[in-house]
Structure formats: C-alpha cells, structure tokens
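Student: Residues per chain, in single letters:
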Amino acid sequence: MSSSDTKTDMLSTHDGEPLKKSLGRALRRQKMRALLLIAPLLAFIILGFLMPIGSMLTRSVDNEVVEEIMPRTVAALEDWDVDSTELPPEETFRALVADLQVAVENRTALTFARRMNYELAGFTTMVRRAQREVRRIDLETDGPFRDMMIESHEGWGELATWRALKAYSGDPTIGYYLSAVDRTMVSGHIEPLPDDRSIHLMLFWRTAWMSGLICFLGLLLGYPIAFLLANVKERYANLLLIMVLLPFWTSLLVRTSSWKVLLQEQGVINQMLVWIGLVADDNRLTMINNKFGVIVAMTQILLPFMILPLYSVMKTIPPSYVRAAKSLGANDWTAFWRVYFPQSVPGIGAGAILVFIMAVGYYITPELVGGPSGMFISNRIAHQWYVSGNWGLVGALGTILLVAVLVLYWVYDRVVGIDNVKLG
Amino acid sequence: MALPSYASPLQRVWYYAFRVICALVFFYLMFPILVIVPLSFNAENFFTFTPEMLALDPAGFSLKHYVDFFTNPDWQLATRNSLTIAPMATLISVSLGTLAAIGLSQAHVPFKRAIMAILISPMIVPLIISAAGMYFFFSAIGLQGTYWGVVLAHAILGIPFVIITVTATLVGFDRSLTRAAASMGAGPVKTFFKVQLPLILPGVISGALFAFITSFDEVVVVIFVGSAAQQTLPWQMFIGLREQISPTILAVASLMVALSILLLATLEILRRRNERLRGMSPG
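Chain order of the listed sequences is A and B.
Going by the numbering used here, the first residue of the first sequence is number 1, and it counts up by one from there.
Going by the numbering used here, the first residue of the second sequence is number 425, and it counts up by one from there.
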C-alpha cells in the first residue's frame with residue numbers, strides 16, 4: 001500500500017504506511033515486550049503458588065473416599081429416608097458387608113473409617129470390629145447380616161450411624177464447611193454441634209476481635225510517633241525512624257522469643273515488678289500463654305507496619321494548613337481535629353488494613369506466647385493438619401480465612417492501591 | 425515543633441506529655457530487642473538478670489551460650505542451612521522480580537492491576553495457607569523435603585518485596601536515558617546492564633535484602649515444605665521455644681539482632697546514595 005492509494009492526505013511513515021497503523025503496531029510490540037518480561041515470574045507464581053493453594057482448597061469439598069470405598073452401601077442408602085425412624089433394610093447391610101470385604105482386601109477400610117470418624121466419633125472402632133466380623137462371613141450362605149453387624153458393634157444398629165453415612169457419602173460434600181462453622185449433618189439435617197465441640201466460630205471471632213484490638217492499639221501508639229516523625233527536623237526524623245525500622249527488620253522469631261522471655265513468670269517484667277514492690281514474689285502476674293501476652297507481643301511486632309504508612313502520608317501534609325487554621329482563630333485541638341486529622345485519614349486506612357490483614361493470618365506469635373486461650377484460627381488449622389490429618393477441614397477453614405483476607409486485600413487495593421505499598 | 429515563648433501552661437504540659445508518650449512508645453518498640461543482648465551473656469541458664477549481673481559482677485557474665493551455639497551440631501547445621509537457602513532464594517526472586525518490575529513499569533501494560541495483585545499475593549495470603557498448599561504441590565512433584573523445594577518456596581515468598589521496591593525505584597527512572605543509549609547503538613541487553621541497572625540498583629539491592637530476610641526469618645513454610653535436613657535457624661529457634669526453651673536461643677537472637685542492624689545500615693546507605701543521585705538528575 002502506498003500513500004497515493006489513500007484518498008485523504010493521511011500522515012504516513014517514510015515507507016508510506018499510515019502513521020496510525022504503524023503506531024498501533026509499535027504499541028502492540030511494546031505491550032508484548034512488557035508481557036514477555038513479566039511472563040516468567042507470573043508463570044512461576046501461578047504454578048508454584050496460586051495453583052497449589054487452589055488445589056489444596058478443593059480438598060475442602062472433595063469426598064471421593066466414601067463413594068470409592070463403599071459404592072454398594074452408598075447406592076443402597078439412596079432409597080433410605082434420612083428421617084426414617086427405622087434402620088435401613090437388610091439389603092443395605094448386605095451391601096455394607098460386601099463393601100467391607102472388598103475394603104479389607106484392599107486395605108482401604110481404615111481410610112474410610114478415618115473419614116467418617118471426623119464426623120462421628122467412634123466410627124473407627126465400629127469399622128475395626130466389623131472388619132474382624134466380615135472376614136468370617138460368607139456373603140452367599142450367611143445371614144441375616146443386620147444382626148451379625150449389630151452384634152459386632154452396637155453402633156451399626158444406631159440411626160445416627162446411618163444418617164451420618166448417608167449425609168457424608170456425596171461427592172462433592174459441604175461437610176467440611178459445615179464442621180468449619182461448627183455445624184453437623186449427622187442426624188440428617190444441618191444442626192449446631194454440641195458446645196464442647198464448637199470451637200471454630202469462637203476461634204474465627206477471637207481472631208477477628210483480637211486483630212481488631214491489635215490494630216486499634218497500634219493506631220493509638222503509632223499515630224503520635226508518626227506525627228512526631230513528620231513534624232521534627234529531618235535530621236532527627238531519620239534518627240528516630242531507625243528506632244521504628246530496627247524492630248521492623250528484626251526477625252519475628254527474635255521478637256517473639258524476647259517477649260516470651262520478658263513475660264514469663266520468672267521473666268524480666270515480673271522480676272522488675274517484684275523488685276519495685278508492686279507484685280508479691282509468690283503472686284507473680286501471669287502474662288504469657290493467654291490473650292494478654294498475644295496482644296502485647298503482636299502490637300509491638302506489627303506497630304512498624306502502622307507507623308510507616310502513617311508517616312508517609314503525614315509527610316505530605318503541608319504544615320501551612322494548620323498554621324492557617326490557627327491564624328483564623330482555631331485552637332490547637334480544633335486545628336488538629338478539623339484540619340490535620342482528616343488529611344491523615346488515608347494513612348490510617350492504609351496502616352489499619354495492612355496490620356489487620358497481617359494479624360488475621362498470624363501463626364508463630366500466638367503459637368509461642370498464646371497458649372490455648374490465645375490461639376488464633378491459623379493455629380487451629382496447623383493443629384488439624386498435624387494432629388488430625390483432616391485435610392478436608394484444613395481446606396475448609398483455610399478457604400474461609402483466605403476469603404476474608406482477600407476481601408480485605410481488595411478493600412486495601414481500593415483505598416490505598418497495591419502499587420502504593422511502601423516498605424521502609 | 426519548638427515550643428513558642430507565648431505558649432499557655434496547658435500547651436506546655438501537653439508539649440512535654442506528648443514527648444513522654446512518644447518516648448514510652450519508642451521504649452516499647454526497642455526494649456524487647458535490646459534486652460535480649462545483655463541477657464544472652466548470662467552465666468546461668470536463667471532468662472532473667474541474676475543478682476550478679478545487676479551488680480555488674482564479671483562472674484555473672486559468660487559467653488557460654490555463644491560457645492554452645494558455635495559448637496552444637498544442631499545449631500551449626502541450622503546456620504549452614506539458613507545460609508545456603510536464603511541467598512539462592514534471594515537470587516531467584518531478585519532476577520525474576522526485577523525483570524517483571526521493569527515489564528510492569530512500561531507505559532502500556534494490559535491487565536496491570538490484576539498482574540500486580542497476583543504478584544503481591546504471596547505477601548498477603550496467610551502463611552499457614554501458603555504452607556499447606558505448597559506442601560501438597562511440592563510432594564506431588566517430588567520436591568517436598570528437598571533443598572530446592574525450600575528454595576523455590578522461599579523465592580515465591582520474597583517476590584512481592586522485590587516487586588514493590590524495584591517498581592518504586594523505577595517510578596523515578598528517566599526513560600530518555602534508555603532511549604539515548606538505544607540511539608547511540610546499544611542493544612536492549614547492553615542498555616539494561618550499562619544504563620538501567622546501575623541506576624535502579626539501590627531498589628534492587630533493598631529488594632534483595634527484603635527477600636533475603638524473608639527467607640532467613642521464615643519458619644512456617646519451611647516446616648511444611650522442608651524436612652529435618654533443611655532445618656533452618658528460625659525453625660531450630662521455634663522448636664527450642666516451643667519445647668525445651670534453652671538459653672542458647674538468646675545468643676542466636678542477639679546475633680540476629682546484630683544482623684538486622686547490619687542490614688538496616690546497608691539500606692540507610694543505599695537510601696542516602698539514592699537521594700544524592702536523585703538530587704543530581706534534573707527534574
């Protein structure tokens with residue numbers, strides 16, 4: 001195509017291509033180059049981080065185990081009404097025996113038992129007993145199976161067992177999510193768990209209010225510091241800033257261990273209080289392994305994350321505004337509250353959301369100074385992982401926590417903008 | 425914020441009260457870090473100051489916890505692991521992160537916001553969730569319990585810091601410099617190493633320090649993804665604190681405080697250099 005073809009006198013490059021097209025191509029090339037630079041890292045993060053987390057979270061609804069190991073029983077239970085007050089018919093028991101015989105052969109019976117045991121305590125024992133029983137049974141000649149199974153363990157004769165089995169046989173299941181919010185389907189309908197087993201909602205709530213309190217205390221302590229930093233001579237500000245940055249750069253483990261050392265019953269703070277005479281030697285304060293310890297330690301650990309965003313906003317507030325307010329007759333308080341404070345609100349938003357996001361996911365500090373009463377939801381997730389190996393519940397609790405954090409992250413992006421995050 | 429001579433008594437009171445409040449908050453910030461250093465020289469296996477220490481009696485002090493740290497094979501293995509894992513993780517996050525940050529700072533990047541959100545996400549997602557997810561993934565591809573597994577996991581955690589610091593430096597980068605280099609015949613690679621990299625180096629180095637400290641200080645992910653052979657210093661400290669609290673931890677903690685002072689000093693020097701360079705360039 002040459003410029004003589006075009007009817008209007010369009011701008012063109014020296015080889016006769018319309019400028020618009022040429023620019024468009026250059027722009028496309030630029031975009032491609034930018035994306036190519038980003039691509040390796042993006043692929044790395046998606047493959048090594050986002051997908052693993054995604055697949056871990058799908059475990060929260062994954063329930064293949066029951067149907068895979070007990071296919072006949074699950075099929076036989078289909079016609080049985082959950083609300084029925086009678087045990088399932090003989091055919092169901094026959095299916096159970098058949099399934100268990102195969103499961104014993106394949107050594108999968110206990111996998112199934114463990115899965116059901118998350119929902120109904122004692123299920124493992126029932127399956128163990130039944131396992132012994134079905135080895136002796138001949139499916140063709142023996143019977144009736146119902147009595148034989150009930151004889152092996154009376155649990156097989158209880159409605160709750162069969163209701164649980166029916167409720168938790170589907171794939172995908174919402175069962176793990178129900179137990180993540182302290183609900184159960186054991187009796188066929190969604191019901192709250194008994195109080196002694198209800199722990200998750202309480203932990204979610206505790207994580208939320210303690211993080212909120214830590215955030216508020218951080219704001220209360222951090223605001224004056226940021227104000228001071230923003231209003232003294234730069235020479236002093238740089239010196240004082242070091243006192244904020246050093247804790248920021250010091251290992252989390254170091255700070256947590258020093259709090260553990262300080263707050264112990266035989267620790268430095270108690271020692272000082274006894275020495276001053278505020279506390280009797282035999283009546284030392286318990287400041288560790290409870291909520292108090294977690295709040296004191298975490299507020300100190302997260303305080304720099306509050307101060308730094310506050311400071312970076314306050315630095316940009318021109319001091320002439322406050323002077324102008326005062327010259328117009330405002331007293332110190334009015335000038336601060338009506339003129340200075342509103343301008344520092346973006347910093348408060350940035351700091352508060354950042355601290356809250358970080359606090360909600362904390363694991364190390366509550367684990368080391370929290371004890372049972374200062375435990376956060378992360379600690380419960382780790383506990384479910386290590387002690388119970390209940391990965392479905394780990395996935396469900398993790399998803400709820402992650403959704404909460406992502407909502408906050410989204411709010412943070414709206415309020416502050418991710419590309420405005422400042423470090424140090 | 426000097427106090428004017430006409431200040432009312434109330435203003436005077438507030439002026440000093442404010443300073444006292446600030447001093448107390450600074451004390452709260454610094455005390456836990458500083459107190460650990462003298463405690464680590466305790467001659468006894470206590471976590472408090474003994475009467476001898478308070479009397480500044482030399483008999484109350486000793487280096488025995490440091491000796492234990494430098495001779496105990498567990499701590500030595502942990503130190504070696506930390507010192508081999510963190511630099512490699514840093515190298516990966518810095519090289520990939522710097523490239524991506526340069527890409528992100530171009531004028532027209534499609535889906536910039538979404539990409540940024542994804543790249544920052546390892547910093548936001550609670551560690552326990554990242555750790556559990558990575559455990560399954562690294563087990564599936566056979567990297568669980570290996571050196572490279574831990575290195576890759578830590579590299580991922582360090583990336584957000586590199587992205588944030590390097591993009592922040594690139595905001596002040598004068599694009600005409602690369603165009604000038606290109607107009608004088610330098611290829612993109614040469615332009616990058618001779619012109620762009622020296623100028624954004626402070627940002628890259630501070631990103632590297634963040635990535636390094638992230639890996640050096642990380643404990644949750646390494647517990648999940650690593651095995652006993654990859655036990656790092658924080659892991660060893662974590663076990664020590666949870667199970668048998670040994671005073672050697674205080675010596676390790678003091679050494680780590682020294683390390684963070686060193687890192688902070690490096691960053692401060694970089695910041696000053698950066699400010700000087702900015703001051704010289706027009707605009």
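By construction, these hints were calculated from the structure, which means they are not laboratory data.
Where hints are given, some of them may not hold.
Cut-off 27 Å, straight-line C-alpha distance, at most; resulting in silico cross-link-like pairs (DSSO-like, lysine-lysine) [unchecked claim]:
#	chain 1	residue 1	chain 2	residue 2
1	A	K31	B	K536
2	A	K20	A	K31
3	B	K614	A	K31
4	B	K488	A	K31
5	A	K315	A	K233
6	B	K536	A	K21
7	A	K315	A	K326
8	A	K31	A	K21
9	A	K326	A	K233
10	A	K20	B	K536
Student: Take the hints in turn and mark each one as holding or not.
Tutor: Verification of the supplied hints:
The suggested pairing of K31(A) with K536(B) holds, with an alpha-carbon distance near 11 Å, which does not exceed 27 Å. For the hint pairing K20(A) with K31(A), the CA-to-CA distance comes to about 16 Å; that is within 27 Å, so the pair holds. At roughly 21 Å between alpha-carbon atoms, K614(B) and K31(A) fall within 27 Å of each other, so this suggested pair holds. The straight-line distance between the Cα atoms of K488(B) and K31(A) is roughly 60 Å, outside the 27 Å bound, and the hint therefore fails.
Note on K315(A) and K233(A): the hinted pairing holds, with a Cα-Cα distance of about 12 Å set against a maximum of 27 Å. The hinted pair formed by K536(B) and K21(A) meets the criterion: a straight-line CA distance of about 24 Å does not exceed 27 Å. Between K315(A) and K326(A) the CA atoms are separated by roughly 20 Å; this keeps the pair inside 27 Å, and the hint holds. Between K31(A) and K21(A) the alpha-carbon distance is near 15 Å, which keeps this suggested pair within the 27 Å criterion.
Distance restraint check for K326(A) and K233(A): the Cα-Cα separation of roughly 21 Å lies within the 27 Å cut-off, and the hinted pair is therefore satisfied. Between the alpha carbons of K20(A) and K536(B) the distance comes to roughly 24 Å, so the proposed pair stays at or under 27 Å and holds.
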